[in-house]
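Engineer: Listed below are the residues making up each chain.
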Amino acid sequence: MIEGVGLRKIFKSGIFSGKTIIAVDGVNIKIEEEETVALVGESGSGKSTLGRILLMLIRPDEGRVIFDGIDLTKLRGRELRKIRMKMQLIPQHPDEALDPRWRIYDSIAEPLRIHKLCNRSEEEDKVLELIRAVGLKEEHLSRYPYELSGGELQRAVIARALTLNPKFIVCDEPTSMLDLSTQASIVRLLMDLQRKLGMSYLFITHDLELARVVADRILIMKDGRLVG
Amino acid sequence: MLKIENLKVYFKTDLGIVKAVDGVDLEVHKGERFTLIGESGSGKSVLAISILRLLPKNAEISGKIVFNGKNLLELSEEEMRRIRGRKIAWIPQSQSSLNPVLTVGFQSAEPMIEHLGFDKKSAFAKVLRIFDFLGIGRNRAKDYPHQFSGGMRQRVLVAMGISTSPELIIADEPTKGLDASKRAQVVGLFRRIEDRTMLIITHDLNFAEKLADRIAVMYCGKIVEVSPAKEFFNEPLHPYSKGLLDSLPSRGLKPIRGFQPSMMNPPSGCRFRERCEFASERCRREPPLFNLNGRSVRCWLHD
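Going down the list, the protein sequences come from chains A and B.
First residue of the first sequence: 1, per the numbering used here; consecutive thereafter.
First residue of the second sequence: 229, per the numbering used here; consecutive thereafter.
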């Protein structure tokens, strides 16, 4: 369903020193429909960069990203935005993922508004359906991000990611900032949603135990390469 | 060594009183690694900070913290200063605890100069020895914190903590923000200094399992269980302890139902009862800490 071929990304740091870091170094990766692939590696191994390349949030220097047969690296602007509806990111820090000045409702509804998918009453139905799916209550919708706990916030972020019925989600260490018992409920939620909605996940984590539980397949990344 | 009796720490806020620590009794024996586990908001860090009396002004403390026969809560600030750093050392979380504009060698030498009256030269010489011992390497003493990785910074903080040969070391979440292989290194690091008495605060159960002699579990301002580590991981007594262990990925990834109650108005009686699968009528009354062959548990099931 989504495939990365010969992906390579080099970051240059420092204007004068010209230091370069090869974040992703010739990676081939393929994720099938309804499959969960765990990407495990130490911090700095390039796993988050790889996840973002597959979403085309970072353009690779070399290689192609093929989603449903379309080469995303050839697309620009508007065409890419259209495809992006089908792919989402659940980031590591839920507290940084939502606009602190917006109520939860608006953050969840924003993707619908951006893509002009429905009118206001349809929007409300959709948001209510989403928060029920992720185990939040209606009262959470009128609150601001700082009024929610870490676990509740992550549920709101998941709801937002689901708004556009994506086919592929990159979960970038979605539970590493959460407590143990909260981690269990969030991971369970992600697994349930996948079964119900038939999505593919790239599940990025540094916790091998967790990867064993959630994933169909585990890839290990080290120094920008997949090693197993 | 350290005995805490009926410790209460309340914070007065505009919204009401937050009972962060609400009647805690525990004892840390000489030479052991005592590990306090709990989730965020359980009050474990507040408990640790109150031992050093570094709480903010709006905190109200009552009870006793007896260290080597002296109640720390009754000491003057001057006497307390002679204990902090020298008798009881604090190893903070690694993220931002080092001064970015001083070399790590100088920062590690500072406690010895401050508390033990070392001159700069001999303090620095000792730092070099400690750096070698902890695997930092003496050649890095003149480097600055930003030149170190997270794991290495943690080592520097440990070096700083043990430099004054304190009788008790309190370590606050030493593995927070580190990935798996770095965590293993921190375990090795703490094993190297195993002759010291340590109070380790963590929510990382894998870390606790590898390191702890005894485990105390804190929930909502109260200690709900104290057990030797092995027994705790084999057969936890309190339903909350069991719930925590079951939520580990390797043990089934089963969440605990419900949410942590607010610390402002926690449920009456047992604080875990609304989330507990064994809850019954008697849980409306607060259970005492029951003693069971060297273990203790705050749950009516073990009455």
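These are computed hints drawn from the structure, not numbers from a lab.
Think of the CB as a built atom: it goes at the ideal place given N, C-alpha and C, for glycine as much as any other residue.
Hints are supplied without guarantee of correctness; some may be wrong.
Think about it this way: if two alpha-carbon atoms lie no more than 25 Å apart in a straight line, the pair counts; the simulated BS3-like pairs of lysine-lysine are [said to hold, decoys possible]:
hint, chain 1, residue 1, chain 2, residue 2
1, A, K19, A, K86
2, B, K404, A, K222
3, B, K404, B, K349
4, B, K410, A, K222
5, B, K482, B, K231
6, B, K458, A, K137
7, B, K482, A, K196
8, B, K404, B, K470
9, B, K370, A, K19
10, B, K404, B, K482
Sample of chain A residues lacking proximity to chain B, with all beta carbon distances greater than 12 Å (derived) [said to hold, decoys possible]:
hint, residue
11, K30
12, I70
13, E173
14, L178
Engineer: If a hint holds in the structure, say so; if it doesn't, say that too.
Structural biologist: Against the structure, the hints:
1. K19(A) with K86(A): Violated. K19(A) to K86(A) sits at ~36 Å, over the 25 Å cutoff.
2. K404(B) with K222(A): 22 Å, holds
3. K404(B) with K349(B): 33 Å, violated
4. K410(B) with K222(A): With Cα atoms ~15 Å apart, K410(B) and K222(A) stay inside 25 Å; holds.
5. K482(B) with K231(B): Judged against 25 Å, a Cα distance of about 35 Å means the pair is violated.
6. K458(B) with K137(A): 40 Å, violated
7. K482(B) with K196(A): 19 Å, holds
8. K404(B) with K470(B): 22 Å, holds
9. K370(B) with K19(A): 23 Å, holds
10. K404(B) with K482(B): 22 Å, holds
11. K30: 25 Å, holds
12. I70: Per Cβ check, I70(A) is outside 12 Å of chain B; nearest 35 Å; holds.
13. E173: 10 Å, violated
14. L178: Violated, since 9 Å does not exceed 12 Å.
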